[in-house]
Structures are given as C-alpha cells and as structure tokens.
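Going by this note's numbering, the first residue of the first sequence is number 47, and it counts up by one from there.
A couple of the hints might just be wrong.
[Unchecked claim] Below, simulated DSS-like cross-link-like pairs (lysine-lysine); rule was C-alpha separation at most 30 Å, straight line:
| no. | residue 1 | residue 2 |
| --- | --- | --- |
| 1 | Lys64 | Lys96 |
| 2 | Lys163 | Lys96 |
| 3 | Lys96 | Lys177 |
| 4 | Lys204 | Lys107 |
[Unchecked claim] Okay, the calculated beta carbon distance ranges per label pair:
| no. | residue 1 | residue 2 | range |
| --- | --- | --- | --- |
| 5 | Tyr125 | Gln170 | 15 to 21 Å |
| 6 | Glu52 | Arg203 | 15 to 21 Å |
| 7 | Glu138 | Arg108 | 16 to 22 Å |
Just so you know, these hints were derived from the structure itself, not from any lab.
Glycine included, each C-beta is placed from N, C-alpha and C at the ideal position.
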Amino acid sequence: MKLPYEYYQQQDVVAIAKDLIGKVLCTYLDNQFTSGIITETEAYAGIQDKASHAYGGKRTKRNEVMYHAGGKAYVYLCYGMHTLFNVVTNTEGIPHAVLIRGIYPLDGIPIILQRRKAKQISPQITLGPGKVTQALGIHLSHNGLDLTQNILWIEDRKIRIPENAINIGKRVGIDYAEEDALLPYRFYVDSKNLSPNCF
DNA sequence: CGTACGATCTGCT
DNA sequence: GCAGATCGTACGA
C-alpha cells in the first residue's frame, strides 16, 4: 500500500514521474489526515539537467537531500512565498527528484478547504505546486522527511488512470534551462478528466 | 555583508 | 492578461 524505498530508488526518474500519476499523496499533521490523488508531476534528472537544482553537480545546504537515497521529501521555497514538494528518487549520490505539481483532493476535504481558505471544492483548488503543499499542510520544516513513515507518504490505492488521459509536455517556468526546457518531463491528467466521479 | 533572483499565485483590469 | 507580492538562498565584494 505505502510505497517502499525500492519504489523510490528505481533508476528512471521520468518513469517514476509518470507512474506517480494516480498514486495518493497523504499527510498526517496536527492530528489531521489529508490526502489527494496525484494528477501532475515533473521529473528533474540530476546533474545533467539544466532545470535541476543539482545541475552540474551543485550541492548546497538547500539541495543536500536530493543527494540522499530515494524515499525522502525535498521541500523548498520558491519565489519567496511558495513551498514546493518534491520526491527524492534513485540511489544515494544521484540527485534525482519528482516535483508534485497537482493533486485531486480525496481525504480530509474540510481541512483542505480550511488550509486553502476556500469555500467550495474544485479541481483547481489543489492544482499548482504551491497549492498542493498548502492544501496538505506541508511546510519547509518537512524537508528531508522519510516518506515511509507516518507523517508524509504516498500510497498505491490501485487507482487506474487510462493511458490516454495522461498528457506529456514540457516543464513549466524553466525557460532558463535552454534546450532542457523542451524535455517531455511533465505528466498531467487533463482537466477535462478531473470531474468528481472520474476516480 | 548586500543584493538579485526564482520549478508561483492571486487579485484586479 | 498582467503586475505585484515577498523571502531564503547563492554568490560576489
């Protein structure tokens, strides 16, 4: 049910990014359980990927956890105000990661609404990497957290996403990455497939 | 020590 | 559709 280390430590980060679509991201924080179906991911392929924080082997206090063995959370701040959540993959020393860009709310919807300061549920409310972390209560302090424990984890609930519902595209907001900005490393379920009774 | 800058979201037009 | 918000991090002095 809960994804094990072996899952995260697979070699092909792009394959993991695609496979994570339809898995369930869960948090148990402040005595509250919330979860959502992952609907959008992006792969960041280590030192040769110009869009990656680890490009060229860059290793700092911030991105240190990317170099750890797969199965941990890499949480960092973007644009000074948005917390972004990544899953660290591959083995120790290889800084691969998958950015979770969107989920579909599943458990603890009242809490998600409260955290997002929203009145009504809609797919939009957790679509966007900054919104995902806000909805699930993920904080910068959760950086480096072990994804096989009971605070922050991903489950396989055998939700089947039809192959033709998964779109592939180039990653968002990384124009500076030159030719790597064109890589088809983004996977997302089209919004027209996100109706409440789709899953 | 000072500064520039982002893997973005929101609200207003 | 676009500007503004807002701050940890990296890097140069």
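Status of each hint after checking the structure:
At roughly 20 Å between alpha-carbon atoms, Lys64 and Lys96 fall within 30 Å of each other, so this suggested pair holds. Straight-line distance between C-alpha atoms of Lys163 and Lys96 comes to about 35 Å, which puts the hinted pair past the 30 Å bound. Note on Lys96 and Lys177: the hinted pairing holds, with a Cα-Cα distance of about 25 Å set against a maximum of 30 Å. Proximity of Lys204 to Lys107 is assessed by CA-CA distance (about 37 Å); at most 30 Å being required, the pair is judged violated.
At roughly 20 Å, the beta carbons of Tyr125 and Gln170 sit within the given window of 15 to 21 Å. Taking the beta carbon of each, Glu52 and Arg203 are about 18 Å apart, inside 15 to 21 Å as hinted. At roughly 18 Å, the beta carbons of Glu138 and Arg108 sit within the given window of 16 to 22 Å.
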